[in-house]
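Based on these hints, arrange chain B on the given structure of chain A.
Number of protein chains: 2
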Amino acid sequence: MPAKKPRNAFYAQSGGVTAVINASACGVIETCRKHKNKIGKVYAGRHGIVGALTEDLIDTTKESAAAIRALRHTPAGAFGSARYKLKKMEDNPAQYERLIEVFKAHDIGYFFYNGGGDSADTCLKVSQLADKLGLPIQAIHVPKTVDNDLPITDCCPGFGSVAKYVAVSIREAGFDVASMAKTSTKVFIMEVMGRHAGWIAAAGGLASEKEGDAPHIILFPEITFDEERFCARVKECVEKFGYCAIVVSEGVKNTDGKFLSDAGLRDAFGHAQLGGVAPVIAQLIKSKLNYKYHWAVADYLQRAARHIASKVDVDQAYALGKAAVELALKGHNSVMPTVVRASQKPYKWKLGIAKLSDVANQEKMVPRDYITEDGFFITEKARRYLSPLIQGEDYPPYKNGLPRYVELRNAPVKKKLDKTFVL
Amino acid sequence: MPAKKPRNAFYAQSGGVTAVINASACGVIETCRKHKNKIGKVYAGRHGIVGALTEDLIDTTKESAAAIRALRHTPAGAFGSARYKLKKMEDNPAQYERLIEVFKAHDIGYFFYNGGGDSADTCLKVSQLADKLGLPIQAIHVPKTVDNDLPITDCCPGFGSVAKYVAVSIREAGFDVASMAKTSTKVFIMEVMGRHAGWIAAAGGLASEKEGDAPHIILFPEITFDEERFCARVKECVEKFGYCAIVVSEGVKNTDGKFLSDAGLRDAFGHAQLGGVAPVIAQLIKSKLNYKYHWAVADYLQRAARHIASKVDVDQAYALGKAAVELALKGHNSVMPTVVRASQKPYKWKLGIAKLSDVANQEKMVPRDYITEDGFFITEKARRYLSPLIQGEDYPPYKNGLPRYVELRNAPVKKKLDKTFVL
Chain A
121 MPAKKPRNAF YAQSGGVTAV INASACGVIE TCRKHKNKIG KVYAGRHGIV
171 GALTEDLIDT TKESAAAIRA LRHTPAGAFG SARYKLKKME DNPAQYERLI
221 EVFKAHDIGY FFYNGGGDSA DTCLKVSQLA DKLGLPIQAI HVPKTVDNDL
271 PITDCCPGFG SVAKYVAVSI REAGFDVASM AKTSTKVFIM EVMGRHAGWI
321 AAAGGLASEK EGDAPHIILF PEITFDEERF CARVKECVEK FGYCAIVVSE
371 GVKNTDGKFL SDAGLRDAFG HAQLGGVAPV IAQLIKSKLN YKYHWAVADY
421 LQRAARHIAS KVDVDQAYAL GKAAVELALK GHNSVMPTVV RASQKPYKWK
471 LGIAKLSDVA NQEKMVPRDY ITEDGFFITE KARRYLSPLI QGEDYPPYKN
521 GLPRYVELRN APVKKKLDKT FVL
Chain B
121 MPAKKPRNAF YAQSGGVTAV INASACGVIE TCRKHKNKIG KVYAGRHGIV
171 GALTEDLIDT TKESAAAIRA LRHTPAGAFG SARYKLKKME DNPAQYERLI
221 EVFKAHDIGY FFYNGGGDSA DTCLKVSQLA DKLGLPIQAI HVPKTVDNDL
271 PITDCCPGFG SVAKYVAVSI REAGFDVASM AKTSTKVFIM EVMGRHAGWI
321 AAAGGLASEK EGDAPHIILF PEITFDEERF CARVKECVEK FGYCAIVVSE
371 GVKNTDGKFL SDAGLRDAFG HAQLGGVAPV IAQLIKSKLN YKYHWAVADY
421 LQRAARHIAS KVDVDQAYAL GKAAVELALK GHNSVMPTVV RASQKPYKWK
471 LGIAKLSDVA NQEKMVPRDY ITEDGFFITE KARRYLSPLI QGEDYPPYKN
521 GLPRYVELRN APVKKKLDKT FVL
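Note that the protein sequences, when read in sequence, are chains A and B. So in this note's numbering, spot 269 of the first sequence is number 389, and the numbers just go up one at a time. So in this note's numbering, spot 318 of the second sequence is number 438, and the numbers just go up one at a time.
If we strip away everything but chain A, and leave its shape as in the complex, we get (with noise of 0.2 Å):
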């Protein structure tokens, strides 16, 4: 009797791109490449779910072992990311059935969805309607995400190394206006990522390890700005320490519960498109104090700043993609690898895993004993969680002075479907 044909795997990424996302892409390939009597071709798609919706998929088995490596250390979507968030089930069943109807031509047995709360959602629901629809799929989850703010798994992959860029970033620039403020700049503002969940700007507050070190203040999505009061704080600190340096996340809202600073515009997922709310404190501080000021968005820089990536993150990132292909081997169906800390001191990690039900859809915040009484900055507790997070360099390659980050050939998948797919 001859073997069964393996089944092909499918794997997408899916929102905003990381450091380490094709550290886990790299992770799922190389997997599937050594167990080849499992697990058939991997089709990647282009545009993560746009790929799968219009059947423009990219055939992995053309790179080269090289190439796939390489993607360790390569920032950013290696095969294109999409914001595109699949309707409700019952508003929209044909996104779904289409998606059956492509992994069926194409013998998807396997779907890798590399992505965040929404993308786990639409991986549980692949999941439940190929079951119904009489074609099994395993559909594993893996993480991403740099808001830090998934529910069960320790951390995020993406987020380390973001953690990292933000606490060294805002050490050097506290240098740097340390130097300046007797005669100039008394006020450096460095705004960072971080929608509704603090995470990131709270990694700023590692690079003080004692009083007086940059930053000073770390303002919170989740403590409501309070203007008389941070101004004061500010005042303090450059009469203390003779300059202040503040992290803060774009997320920051007022006591009417708005955004300090709103673009207007939305994306997909309906989530307010931000970016400026540094200036918007720098105005405050120049109308209320009077302080020269500087500041700074890092925005992409801090989410792509492979260079500066964290080690952890990247054996995480690495590990959970290569967990999602075990778990698939093993039987598991809606699922998610996760991260468990399984030390504090040495800090200790190890793979464990979730339900898929238990996932989706949820944001974990900073909890508020992670935040300081007053609001303005991190907790012990929180330096005992974040710190792990960020050890460890792992340099990318260079080569004229520049990383040398690899583009994937990216070939195509011949169409089997005569019909296309409008999104």
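Misleading hints may appear alongside valid ones.
[To be verified] Selected chain B positions facing chain A (in silico; Cβ < 8 Å):
| hint | residue |
| --- | --- |
| 1 | Arg203 |
| 2 | Glu292 |
| 3 | Ala425 |
It is worth saying that the hints were derived from the structure and are not from the lab. Note that the coordinates shown come from a computational prediction; the quantities given were computed from them, not determined experimentally. Every residue, glycine too, gets a C-beta built ideally from N, C-alpha and C.
Just chain B now, kept in the frame of chain A:
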């Protein structure tokens, strides 16, 4: 006959600090320490020239060899810098006389001033006046400026590291935007420093090694901003490459010769305090082309980014500090050591010497033939000049996931003068 007691040296940092100005300080101090028979103690000005005027001197002999060595990998100004430009000699001779008085009181025979064009001018005047007042001081300027706008020297310490930061960052952000462009952000704008000269913006161009690579557009202060042609170029890039990554210099001016964004503040040198041209460009793209955008303002992060410093830059910064002392020991006065490009391929550099009278108050702009005819990119000639300056990585040591930068004791020298001086 007893040997003549060696006279002391004064060292100060001036103007905006850099990732490698402390490497020059390290070169100065370590070299002085090797010639104790000729140079006594090295005193540093606390907050640059302000420390000299107020007789607030730092005794660097109180610092260990290890602490001084660590300056080589520590960004910003370890003794404090100052934005404080001395008035013209004829407008305020008292300032210069005070400097000489302080130097006389502390037996200063060597004046090492680490700064840009303004401080080269100060250095020259101090030397001239000291001579006239019968207290000969050998004044040597140590070049420093991220703006890379000093004449004669092939390049300026501080620039190579900003150049590397900008090229690395726009490459990384370019990968990010490319991943997102299908369904989300299509245009990314990164604002960099460069008041009048576009060297830093130009360096971003190194990230693009083949057609389609980020960045696609560079906006220079040397080229008048033409809204219509710019928008047409952005559209062309988005249509051709799927996205558009832009590096914009803070000093870009419109057809009226006004900065696109001017915060209205001026610093002590009378330079406009800029920041925030990126959001102006973003808004333009939104309103004229309706593309989704993201923008970043690197600000101090770029010039403080010791974690991604250029090895060539660090080596040159140290060598110039060392050379300043060696020139003084050879009897030179009113000069500045320079970097001379000895060979283009392979890149080799050696040290030269320039008269301060040829250096002071001059700005070296990006030559027109370093910018493409359309004004939106760098030429091959520019690339040949810029590329060697970002070569090599010179990572600082890390502890707990963060770079270990040194903070000196900065012990004060006992004052000898009765009179205080009001700035």
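To test your reading of the hints: which numbers does this structure violate? none
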